[in-house]
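A.B. asks: Chain A is already provided as a structure; the job is to place chains B, C and D on it using the hints.
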Amino acid sequence: MWDFPLFPEQASTAARHVDQVYFALIALSIFFIFSIGGAALYFMTHYHFRRDADRRNVPKSNWKLEVIFIGSAVVVSTFFFFWGAYKYLKISQATDDALELFVLGKQWMWKVQYPEGQREINRLHIPVNQPIMLRLTSQDVIHSFYVPAFRVKQDVVPGRYTTLWFEATKTGTFKLECAEYCGTDHSRMLGEVVVMSAPDFARWLANRPVQSTMVAQGERIFARAGCSGCHTAASAVHAPDLQGLFGRRVALSTGETLVADASYIRDSILLPKKHVVAGYAPIMPSFEGQLSEQEIFALLEFIKFEPALNDAANASPNTEKNDANK
Amino acid sequence: MAPTLKNYLQDGSTLRSWFLSTDHKRIAILYLLSITFFFMIGGTVVGLIRLELLSPAGDVVSSDTYNRLFTIHGVIMVWFFLIPSIPVTLGNFLLPLMLGAKDLAFPRLNLLSWYLFIGGGIFTLVAVVVGGVDTGWTFYTPYSSTFANSAVITVAAGVFITGFSTIATSINFIVTTHTMRARGLTWFRLPIFVWSLYATSIIMVLATPVLAITLVLLAVERGLQIGIFDPSLGGDPLLFQHLFWFYSHPAVYIMILPGMGVVTEVIPCFARRPIFGYKPIAYSSIAIAILGFLVWGHHMFVAGESIYAMLMFSFLSYAVAIPSGIKIFNWTVTLYKGRIYMKTPMIYALGFLGLFTIGGLTGLFVAALAVDIHVHDTYFVVAHFHYIMVGGMVSALMGGLHFWWPKMTGRLYPEFLGQVSAWTMFLGFNLTFFPQFLLGYLGMPRRYHTYPAEFQVLNVMSSLGASILAVGYILPFFYLVWSLRWGKKAARNPWRATGLEWEYADSPPIKTNFESPPIVHGPAYDYDPQKEVNFD
Amino acid sequence: MSPASDQPRHAQIHPGAEEGSLREIVAVWLGLIFLLCATVIAHFLTHGMLALLAAFGIAIAKMGLVMFYYMHLKYRPHIVWIFSAAAFLWLIIFFGLSLSDYVTRHWILLVP
Amino acid sequence: MTERPAYSPGLAHHFETHAQQHRAATLGIWLFLGSEIMLFGGMFMGYTIYRILYATAFEQIAAHTHFWFGTINTALLLTSSLTMAMAVHHARAQNYQKSGRWLVPTAVLGVAFLALKVVEWYLEYRENLVPILGWNFDAHGVAQGPARLFMGFYFVMTGLHAIHLSIGVCLVVGLMVLLRRDKIARENPSKVEIIGLYWHLVDIIWIFAYPIFYLVSA
Chain A
1 MWDFPLFPEQ ASTAARHVDQ VYFALIALSI FFIFSIGGAA LYFMTHYHFR RDADRRNVPK
61 SNWKLEVIFI GSAVVVSTFF FFWGAYKYLK ISQATDDALE LFVLGKQWMW KVQYPEGQRE
121 INRLHIPVNQ PIMLRLTSQD VIHSFYVPAF RVKQDVVPGR YTTLWFEATK TGTFKLECAE
181 YCGTDHSRML GEVVVMSAPD FARWLANRPV QSTMVAQGER IFARAGCSGC HTAASAVHAP
241 DLQGLFGRRV ALSTGETLVA DASYIRDSIL LPKKHVVAGY APIMPSFEGQ LSEQEIFALL
301 EFIKFEPALN DAANASPNTE KNDANK
Chain B
1 MAPTLKNYLQ DGSTLRSWFL STDHKRIAIL YLLSITFFFM IGGTVVGLIR LELLSPAGDV
61 VSSDTYNRLF TIHGVIMVWF FLIPSIPVTL GNFLLPLMLG AKDLAFPRLN LLSWYLFIGG
121 GIFTLVAVVV GGVDTGWTFY TPYSSTFANS AVITVAAGVF ITGFSTIATS INFIVTTHTM
181 RARGLTWFRL PIFVWSLYAT SIIMVLATPV LAITLVLLAV ERGLQIGIFD PSLGGDPLLF
241 QHLFWFYSHP AVYIMILPGM GVVTEVIPCF ARRPIFGYKP IAYSSIAIAI LGFLVWGHHM
301 FVAGESIYAM LMFSFLSYAV AIPSGIKIFN WTVTLYKGRI YMKTPMIYAL GFLGLFTIGG
361 LTGLFVAALA VDIHVHDTYF VVAHFHYIMV GGMVSALMGG LHFWWPKMTG RLYPEFLGQV
421 SAWTMFLGFN LTFFPQFLLG YLGMPRRYHT YPAEFQVLNV MSSLGASILA VGYILPFFYL
481 VWSLRWGKKA ARNPWRATGL EWEYADSPPI KTNFESPPIV HGPAYDYDPQ KEVNFD
Chain C
1 MSPASDQPRH AQIHPGAEEG SLREIVAVWL GLIFLLCATV IAHFLTHGML ALLAAFGIAI
61 AKMGLVMFYY MHLKYRPHIV WIFSAAAFLW LIIFFGLSLS DYVTRHWILL VP
Chain D
1 MTERPAYSPG LAHHFETHAQ QHRAATLGIW LFLGSEIMLF GGMFMGYTIY RILYATAFEQ
61 IAAHTHFWFG TINTALLLTS SLTMAMAVHH ARAQNYQKSG RWLVPTAVLG VAFLALKVVE
121 WYLEYRENLV PILGWNFDAH GVAQGPARLF MGFYFVMTGL HAIHLSIGVC LVVGLMVLLR
181 RDKIARENPS KVEIIGLYWH LVDIIWIFAY PIFYLVSA
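Chains as they are written, first to last, in my numbering: chain A, 1 to 326; chain B, 1 to 536; chain C, 1 to 112; chain D, 1 to 218.
One or more hints might be untrue.
[Said to hold, decoys possible] Cβ-Cβ distance ranges computed for the label pairs, FRET-style:
| hint | chain 1 | residue 1 | chain 2 | residue 2 | range |
| --- | --- | --- | --- | --- | --- |
| 1 | B | Lys488 | A | Glu9 | 53 to 61 Å |
| 2 | A | Arg208 | B | Ser232 | 28 to 36 Å |
| 3 | A | Arg224 | B | Val130 | 42 to 50 Å |
| 4 | A | Ser35 | C | His78 | 39 to 47 Å |
| 5 | A | Ser35 | C | Gly48 | 57 to 65 Å |
| 6 | C | Phe95 | B | Ser232 | 21 to 29 Å |
| 7 | A | His46 | B | Pro452 | 46 to 54 Å |
| 8 | A | Ile68 | C | Glu24 | 49 to 57 Å |
| 9 | A | Phe79 | B | Asp59 | 16 to 24 Å |
| 10 | C | His47 | D | Val177 | 43 to 51 Å |
[Said to hold, decoys possible] Here are the simulated BS3-like pairs of lysine-lysine, each with C-alpha atoms no more than 30 Å apart in a straight line:
| hint | chain 1 | residue 1 | chain 2 | residue 2 |
| --- | --- | --- | --- | --- |
| 11 | B | Lys531 | A | Lys60 |
| 12 | A | Lys90 | A | Lys111 |
| 13 | C | Lys74 | D | Lys191 |
| 14 | A | Lys106 | A | Lys175 |
| 15 | A | Lys64 | B | Lys279 |
| 16 | B | Lys531 | A | Lys64 |
| 17 | B | Lys279 | B | Lys531 |
| 18 | A | Lys170 | A | Lys90 |
| 19 | A | Lys175 | A | Lys90 |
| 20 | B | Lys6 | B | Lys488 |
| 21 | D | Lys191 | B | Lys511 |
| 22 | C | Lys74 | D | Lys98 |
| 23 | A | Lys111 | A | Lys175 |
| 24 | B | Lys279 | A | Lys60 |
| 25 | D | Lys191 | D | Lys98 |
| 26 | B | Lys511 | B | Lys488 |
Calculated from the structure, these hints are not laboratory results.
Beta carbons: idealized from backbone N, C-alpha and C, even for Gly.
Bound-form chain A, shown alone (with noise of 0.2 Å):
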C-alpha cells in the first residue's frame, strides 16, 4: 500500500538547487501554519463562549504589531525571492563546453538530433556529469520540455528557440515529459533521457547509424537552397559574410547592434527583413516554408562551423545564385 514515491529522485545538479529551496519554503509553511493555526486554536478554546475569560479591553488594532508584522513579511518574502532567483539563474547559467542537442517537438513527439548527425525519437542518450544543452523548437504548436529528476522544464515554443540547460549526475533511465496542453495526446507525448558513463556513451554514439553529421547536411542545404549564391566571397550579390559570424556583434541597419546567437540566423533565414545588417540592401528572399526546422537546425550547424562554410563558398559554383533572387 505505501509502495509509492513522495519525492522525486535527484538526478541533475539542478535538482539540489531546487530541492534546497523547496525544503525551505516546506519548513517556512509549516512554521506559518502551526503559528497560525496554533494561536487560532488556542482562542478558540480559552475564549470559547462557555468559558469564563478576561475580555476586557479588546484590542480593535495595533499598529505596532501590524508594522512588525509586515515587516518580517517582506523580509522573508525578499529573502526568499532573492534566493530562489539566484538558484535559478546558478542552474540556467550556460557552459561553453556544453554539448549541444538540437530537439523538435511536434504533437506528440520529440525528435533529436545530434550533431554528428544521430537522430532519435522520445529518447535522448546523454553523457553523465557532462553539460547539456538543448535547442528547443516547435514545429506546430506549444510544447514544454520537463524531465522532473533533473527539475528543469522549459516551453517549446513555434517560431522562434528556446534553450535549456542541465547536467546528470546519475546514470539510468528517466522520464521525459510534455508539460504543456498540446492536443489529444498530450500525455502520450512522453520519452526518455538514457544518462550513460561517458564510454558507455561514446560507444552508443558510434554504433548509431548516421547519414552525414550535420555540418555535412547543412552544407548540402547551404548549397541546394541557394544559399551559397550569394553568401560567399565570390559571389557577385553583395551579401553579408557568414564565416564566422556566430556569437559576433552585427550591426544593423537601424543603428543598433545585436549578437548573432541561433535565433538571430533563424529569423534571418525566415524573416530576412526584421534584422538588415547595416551596409547591405535587404533584397534576401524569405525561406518561410520552403525549410523545415530540422533543415534550419542543420544550416545553423554549419554556419556555426567555419571550415565548411569556407570549402563551401570555394566550390559553389556560381551559377546558383540566380535562384537566390528568384
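C.D. replies: For chains B, C and D alone, kept in the frame of chain A given last:
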C-alpha cells in the same frame, strides 16, 4: 414596523415579476440559481475526471473526451461560477442593504447583466453539445487558433458575452458604493465586505475588457485567418499569454477578494468582538486589487519570457503575498479576547482561514523562480489554486450563504446538518487536494489523461477525497432547499449581528429594503464580547 | 479619497449648470483642427524618432483637449479625474510590464 | 441629503435627489469609458509589440494605407465632436430643440466617416491588402509575415472602431427621436450628455488609431 409591507419574495409571484424584476434581491436569487446550476455541471464534469484518473491507463473516456472535460470544467467553474459567485449573489443582495440604499444605482443594468450571463452560459453549453472545446480554459495559441478541432469560437463568444455581464456588475457596484451610502456611513464605517466588493469591482472593470479583446483577437485569427499571434507570420504566441494573463491573474483576485470580505463579516460576529485592524484589512483589499495587476508574468516563467521580466515578476509576486498575509494575521488576532461560537458560518470562515493560508503559502513556492521551473504546469499548481479557489472561495461562499440565509429567505437552516457538512467538506477537500501537491512535485503534469503507474495511489486518494467533498456539497443543497419550507422562521437578526442589513431590514427584507432611510452613528462591528448572546 | 467628501457635493452638481461656453467649444475645435494640420505637416517634414514623438505628442494633446473640454473633465470633481486617469494608469502598467519582456528578451544576463 | 420630493419627474425610485442620480450616471459612464479604453488598449499593446519587433516592415507597409482618407476622416470625427459638444451644451441649458438640431450634423459626420472608411477598405481590397482567409495578399515587396500582421491589426482595429462608431450613430439617431417627442426631459436629462461622452471617446480612440496606421510610414 409596518406589517402591511410585503417582503420581496411575496411581492409578485408571476414569472414576469421575477424575470423582469429590477429588484437587486430578486436578481441575486436568479443569479444564485444560475451559478448553482453551473456549479453542478462543473462538478459533474470533474466527477468524471476524477473517475478517469482512478486508473493510470485512461480507460474510462478517450483522450479527446478527457481534454473536453477538463476544458469545460475550467471554463464553467472560472467564468460561470467562481468569478460571479459571491459578487453577483451575496454582493448583489447585500450591497444596497449594507449601504442603506433602496437598490443598486442602475437596477436595469443589473437585470441586463443577468441576461448577458445567461446568454454567455447558453453559448458555452451549446458549444459543449456541438463538439465541445479542447483547448483548456487558457485558450493558448497557436493550439486554439490553428490546431484545435473543436468549438473554440462558440465558447470564446460565450465567455466574451459573460465578460460584459461582469463589467456591468462592477460598474454598478462602484457607482453604488460612491453615491448611495446612507447618511453617516463614511468610508471607514463601511463593512469590510463592501470594501472587498469595491476592490473586486476595480479589477473587474479594468481587466475584463482585456480578456474580451483577447478573445476577439483569438476568434478573428481562428475564424478569419487574420494573423495576430501566428508564429509562421512572425507573430508571437507569448503575446497571447501576456494579454490573457493580464486579465486572468487579476481574475484570481476577483475570485478570492469577495471571499475575504465574507470572512471578515462572519468572524467578528461569531467572536462577538470588533474586527482587529479594520484599516489594514480595508487597505490591503485595495492593495491586492492594484498589486494583482503587476504579477501576471509569473504564469510564463517557463514560456520563454525574458530573464529580466522573470526576475521582476517574481519579485512582484512576493510583494502581492504581503497584503494577503496582513489579512490572515488580522483575522487570527480577531479571535483574541472574543466570545467564540462555533456555528456553521464560523466553521466555514475558519476553514477558509486555514485553507487559504496553505494556498497562499504554496503561492510562495510557485513565485520562487527555482522551484517554479520544476512545479510549473504540474499538479502542484493545480493543488495550489484549488486551495485558494475551492478551499478559499467556495468555503467563503458556503459560509456567507449560511450566514445570510435567514436574511435572504426568512428561514433558519438546520444547524446540526450545517456543521456536519462543513466538516465533511473540510475533510474531503484536504484529502482531494493535498495529495496533488505531492503528485506535482513528483512530476505529474496537469491535463494528463494517462499517467505513470506509480502515481496511482495518490490519485486514488484524491478521487476518494473528491467523492467525500461531493457529499459535503450535496448535503447543504438538500437541507437548504428543505429549510425553505420547513425551516424555522427567522427573526430580523438571528445572529445578533451588527450592520444595516441585520438591524434595520426585515428577514426577508421588503422590496425597498428599509421602511425609512437608515442613519449610521458608529463604526462597523460594534460587538461586545463581555455580553452573552443567544442565537435563534 | 477623503471619507465624507462625496456627501455634501450632491447638492452642488446640477444637470442644468452651465459648463463651458459656446466660444470655448468653438475654440477647442479650432485647436483640434490646428493640431491635425500640425500633425500632417510634421508627417511630411520629420522622420524617425522625431516623427514618432510629433505624432504621439499631438495625439495626446488632442485627447487632452477633447477630454478636458468636450468631456467636461475640467468641470468635474476629482473622483471623475481619478476614474478617467485609472484606465490610462492601468494601460501604463500593461504596456510597461509587457514591454519589459519584449525589450529585454535578447539582452544577455551575466550571471555571478 | 435632502428629503426626496414627493413628486419628481425623471427621478428613479431608488435615488433621493436629481443631483445624486446625475452623479451616479456620470460616474457610471466614466467607468464604462475606462473599460472601453482597456478594450482598445489590448490591441494597441499587441500593435506596439510588433511595431517594435518589425519596425522597418511596419514603416514600409504603412505607406500603403491611404493617408488622405485617414486625415480627412480624422477631421470629420473632430468636427463631429464639435457638433456633439454643441448638442450637449444646449441640452445642459435645457434647450432641447437646439440640442436636437446639433445632433443632425453629428450623425451625418459619423455616417460620412463610415462611408469613407468603407471606400478605403474597398480600395485596400482592390490592392490585395486584406490578409483574410485565403485571399490573395500582396505585401508590395514588404516582408509577408509582418505585412500581414500590420494589415491584420489595421482591419481589426479600424473594424472595431467602426462598430463603435455605428453604435454611436444609432444612439444619436435614437436621441433625435426622443428629443423630437420631447421625452428626454422626463426620461433622463443626463442622456444627451452620456451619449456625448461615448461619442467623444470613440473620437479619442480614432485620434490614436490615426498616427499608428497612417503616420508611421518613413
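A.B. asks: Look at each hint and say if it fits the structure.
C.D. replies: To see whether the hints hold, each was checked on the structure:
no., hint, in the structure
1, B:Lys488 / A:Glu9: 53 to 61 Å, "holds (59 Å)"
2, A:Arg208 / B:Ser232: 28 to 36 Å, "holds (32 Å)"
3, A:Arg224 / B:Val130: 42 to 50 Å, "holds (47 Å)"
4, A:Ser35 / C:His78: 39 to 47 Å, "holds (43 Å)"
5, A:Ser35 / C:Gly48: 57 to 65 Å, "holds (60 Å)"
6, C:Phe95 / B:Ser232: 21 to 29 Å, "holds (26 Å)"
7, A:His46 / B:Pro452: 46 to 54 Å, "holds (48 Å)"
8, A:Ile68 / C:Glu24: 49 to 57 Å, "holds (55 Å)"
9, A:Phe79 / B:Asp59: 16 to 24 Å, "violated (47 Å)"
10, C:His47 / D:Val177: 43 to 51 Å, "holds (49 Å)"
11, B:Lys531 / A:Lys60, "holds (17 Å)"
12, A:Lys90 / A:Lys111, "holds (28 Å)"
13, C:Lys74 / D:Lys191, "holds (20 Å)"
14, A:Lys106 / A:Lys175, "holds (18 Å)"
15, A:Lys64 / B:Lys279, "holds (13 Å)"
16, B:Lys531 / A:Lys64, "holds (28 Å)"
17, B:Lys279 / B:Lys531, "holds (25 Å)"
18, A:Lys170 / A:Lys90, "holds (19 Å)"
19, A:Lys175 / A:Lys90, "holds (23 Å)"
20, B:Lys6 / B:Lys488, "holds (19 Å)"
21, D:Lys191 / B:Lys511, "holds (27 Å)"
22, C:Lys74 / D:Lys98, "holds (24 Å)"
23, A:Lys111 / A:Lys175, "holds (15 Å)"
24, B:Lys279 / A:Lys60, "holds (10 Å)"
25, D:Lys191 / D:Lys98, "holds (15 Å)"
26, B:Lys511 / B:Lys488, "holds (22 Å)"
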